[in-house]
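Asker: Residues per chain, in single letters:
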Amino acid sequence: MKSENRYREKVWKYLQGDMSSEENRQFEEELLRNQELAYIFEEEQAIFHSLGKTEVIELRKQLHEIISGQKPDRNFSGRYYFRKEWMIAAASFAALLLVSLILLFFTRSHPSQDKELSAETDITDTNQSGIGFSETSLNTSIYYRSGEMLMVNDTNDGQDLGRLLLALVCEENPMLENRITLTYRTENIEIIAPRIGQEFHAGNKVRFVWNISVPEQLSLQILNNRAVTVFEKEMHSSMFELSRPLNQGIYYWRFKTKSSVVYNGKFIIR
Amino acid sequence: MVHYKHYTEEALIAGMQCRDNDVLKYVHQHFYPTISHLVKSNNGTELDAEDIFQDAVIIIFEQLQNDGLELNCSFKTYLYSISRNLWMQSLEKKRKSWIDITNYVSFFEQKRSIFGLYYENQKDKLFHKHFLSLSMSCQKILNLMFNKTSSEKIAEIMGFSSGQYARKRKSQCRKILIRRIHNDPLYKQLKKNEI
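Top line first, the protein sequences correspond to chains A and B. Residues are numbered in the working numbering as their position in the first sequence, beginning at 1, plus a constant of 1315. Residues are numbered in the working numbering as their position in the second sequence, beginning at 1, plus a constant of 1246.
Watch out, some of these pointers could steer you wrong.
[Stated by the list, open to error] In silico DSSO-like pairs for lysine-lysine, Cα to Cα no more than 27 Å straight-line: (1) Lys1371/B / Lys1328/A; (2) Lys1571/A / Lys1414/B; (3) Lys1421/B / Lys1369/B; (4) Lys1325/A / Lys1271/B; (5) Lys1371/B / Lys1376/A; (6) Lys1375/B / Lys1571/A; (7) Lys1375/B / Lys1271/B; (8) Lys1438/B / Lys1375/B; (9) Lys1394/B / Lys1414/B.
[Unchecked claim] Take a look, some chain B residues computed to stay more than 12 Å from chain A by CB distance: (10) Ala1260; (11) Asn1289; (12) Tyr1326; (13) Lys1339; (14) Leu1423.
No lab work stands behind these hints: they were computed from the structure. Idealized CB from N, CA, C, for every residue including glycine.
The shape of chain A in the complex, shown without the other chains:
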């Protein structure tokens, strides 16, 4: 690995024209007899030549702007406009449905306020995440999750319940997912671990490793899939191992400076 890095440095020095004529001659001679160097040279030369095509890079930018800039025009064509109206109707219907479910959830979560609840129904647990359940018959329970109602069969030794709870903690949070891709990562920070979406076994320690070229005070924040902060700490080196065990589920994490969020990532505990 060390020799590979040394070779890469050498190759770039050559490609950039930073070598003296004597160094150049020696490098070219070595290139003929050193296969590993020749392979690395080919790789790096391809990158160097490609990035030297400044006009093509500019053209890419132009085309990107044209394509994204002309997108709204399509909404004026009959077909797209028709689709748009249908989408508005569907969104309105979904919003109505959501409001009804939320109302249903609140009326059922407060039995004292709703005298007309069925005698069979007994709210036994709710928590701050909006997850609750009620027993409706001998075999079936209805679970509420943020206004959604899910029916679970309790006769199979709680397997359904286990699956449901696992599904709840392993559900992606769309808002936090978006941040992973949208956050601008400055060139000053490079995340080595964990990779986005990396999986860890429950009980194993999660290790964070990064490089930062401009010294800046970073703090690490870990959130669960309901965007609740489960851990936050200021970092003092370029590596940190989370000693606190985390439950199974999806976790989102971020590095923050005093002024902004510089990185958003995600890992999964299995």
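Take the given structure of chain A and dock chain B to it, following the hints.
Answerer: Just chain B, lined up with the frame of chain A:
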């Protein structure tokens, strides 16, 4: 709706050669719908179609820059044929089923094989994506480096205190770029395909 003036074939080629924005907009406005239809009716999405259109335009631009281009058909047909071949390659890579498009290589004659063009273009796209993800100052420094500008001159242009500092910044930016490229799973895949 934006209306564009009409361009002759020669004007289109000349405009493409100098990246004339109006010509590029015209090409997109008039020729993209056919490409979009081709891709979408063959297992593709709107995003795939946009990618293919961009890649085809870039291939034509590079041909114009390198070897010049003598067309035996209309510009629209040529763009379409390149798009069709690129999409075929992309589908083959994704191992999707392909029903409508056959004999794609023989459809048009080119100096370089479409397979080579496809992989070269994929690599370029990947390198350029990571390059454009760098800060503007890094992009500028690396651009100067690719043009073999000396560190002292870079320091002068960028307003750095010394050539030594320019060298340091150059090395930092390059390392970040190279690490991002090498860590990209697509890069590893492209390297494998090359072998």
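Asker: Against each hint, give a clear statement of whether it holds in the structure.
Answerer: Here is what the structure says about each hint:
This hinted pair checks out: Lys1371/B and Lys1328/A have alpha carbons roughly 24 Å apart, not beyond 27 Å. Of the pairs offered as hints, the one joining Lys1571/A and Lys1414/B holds, with about 26 Å between alpha carbons and a cut-off of 27 Å not exceeded. In summary, the hint linking Lys1421/B to Lys1369/B is supported, as the alpha carbons are separated by about 18 Å, within the 27 Å threshold. A threshold of 27 Å between alpha carbons decides the hint, and for Lys1325/A with Lys1271/B the separation of about 43 Å lies outside it, so the pair is violated.
Among the hinted pairs, Lys1371/B with Lys1376/A is consistent with the structure: their alpha-carbon atoms are about 11 Å apart, no more than 27 Å. Annotation: proposed proximity of Lys1375/B to Lys1571/A holds, straight-line Cα distance about 25 Å (limit 27 Å). For the hint pairing Lys1375/B with Lys1271/B, the CA-to-CA distance comes to about 22 Å; that is within 27 Å, so the pair holds. Our distance criterion of 27 Å between C-alpha atoms is met by Lys1438/B and Lys1375/B, whose separation comes to about 20 Å.
As the CA atoms of Lys1394/B and Lys1414/B are separated by approximately 16 Å, the hinted pair is consistent with the 27 Å bound. A cut-off of 12 Å between C-beta atoms confirms that Ala1260/B is not in contact with chain A; the least separation is 15 Å. The Cβ of Asn1289/B lies farther than 12 Å from every Cβ of chain A, with a closest approach of about 20 Å, so its non-interface assignment holds. The non-interface label for Tyr1326/B is consistent with chain A: the shortest C-beta to C-beta separation is roughly 17 Å, beyond 12 Å.
For Lys1339/B, the shortest C-beta to C-beta distance to chain A comes to about 19 Å, beyond the 12 Å cut-off, and the non-interface label holds. At roughly 8 Å from the closest C-beta of chain A, the C-beta of Leu1423/B falls inside 12 Å, breaking its exclusion from the interface.
The structure shown violates the earlier hints numbered 4, 14.
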